[in-house]
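Colleague: Chains A and B supply the protein sequences, listed in that same order. The first sequence begins at 112 in the numbering used here and counts up one residue at a time. The second sequence begins at 39 in the numbering used here and counts up one residue at a time.
Among the clues, some could well be false.
Going by beta-carbon spacing under 7 Å, a handful of chain B positions derived as facing chain A [unchecked claim]: (1) 54; (2) 79; (3) 82; (4) 92; (5) 127; (6) 145.
These aren't lab readings, by the way, just hints derived from the structure by calculation. Ideal Cβ placement from N, Cα and C applies to all residues, glycine included.
Each chain, letter by letter, is given below.
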Amino acid sequence: DTAVSQTPKYLVTQMGNDKSIKCEQNLGHDTMYWYKQDSKKFLKIMFSYNNKELIINETVPNRFSPKSPDKAHLNLHINSLELGDSAVYFCASGRGERDNEQFFGPGTRLTVL
Amino acid sequence: AQKVTQAQTEISVVEKEDVTLDCVYETRDTTYYLFWYKQPPSGELVFLIRRNSFDEQNEISGRYSWNFQKSTSSFNFTITASQVVDSAVYFCALSGTNAGKSTFGDGTTLTVKP
């Protein structure tokens, strides 16, 4: 059973388009995250949700909008895609307490042309 | 503010060599947690270990060992007798007062050559 799943795995699109990445976890965790990993492998947190509520928003442009319909899902919608949005996006989940490790999805490689 | 520094961007060793990946952190919290994650070439991120700020005991798991020293704010990771399968990007992370948020270092890319 996949613990944290993301779809799609690859996403190639044109500048200016709007796209969504879906994430689901079946671990029963209360907290979910989105991370962006750039071409240099730097991993930066974008958002964190706890029980469907936003708790962390790391100065991400407004074009990025997370949506959490329930605590098992955290989707990422991106409007007006730009070249600089090309990266690998990782979803993760955890129990939310600071001593808990995070479980990561397989990543979505977004390429904006 | 929290900060994690992994000064070694890339390390290359030959199989069977021992290698240490450095991690230095900054935090004002008195209680905090440190983590190491591994990202092999396949891309997934895998949790390796967690250590809390009150437990300075070193930990060994097979060929992996971790050395936590509060005095130097370091949480270093040593791989003994490295193998090609150890080739990966390794991330050190810190979690403090802000529950649910971990600050990641920039990662160290380890290449183990046969």
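Colleague: Take the hints in turn and mark each one as holding or not.
Modeller: Going through the hints against the structure:
1. Violation of the interface hint for residue 54 (chain B) is found here, the shortest Cβ-Cβ separation to chain A being roughly 26 Å, above the 7 Å cut-off.
2. Violation of the interface hint for residue 79 (chain B) is found here, the shortest Cβ-Cβ separation to chain A being roughly 11 Å, above the 7 Å cut-off.
3. Restraint check, residue 82 (chain B) versus chain A: the minimum CB separation of about 5 Å is within 7 Å; hint holds.
4. The beta carbon of residue 92 (chain B) is not positioned within 7 Å of any beta carbon in chain A (closest approach about 11 Å), and the interface hint is therefore violated.
5. Taken as an interface hint, residue 127 (chain B) checks out: its beta carbon lies about 5 Å from the nearest beta carbon of chain A, inside 7 Å.
6. Taking 7 Å as the C-beta cut-off, the interface hint given for residue 145 (chain B) holds, the closest approach to chain A being about 5 Å.
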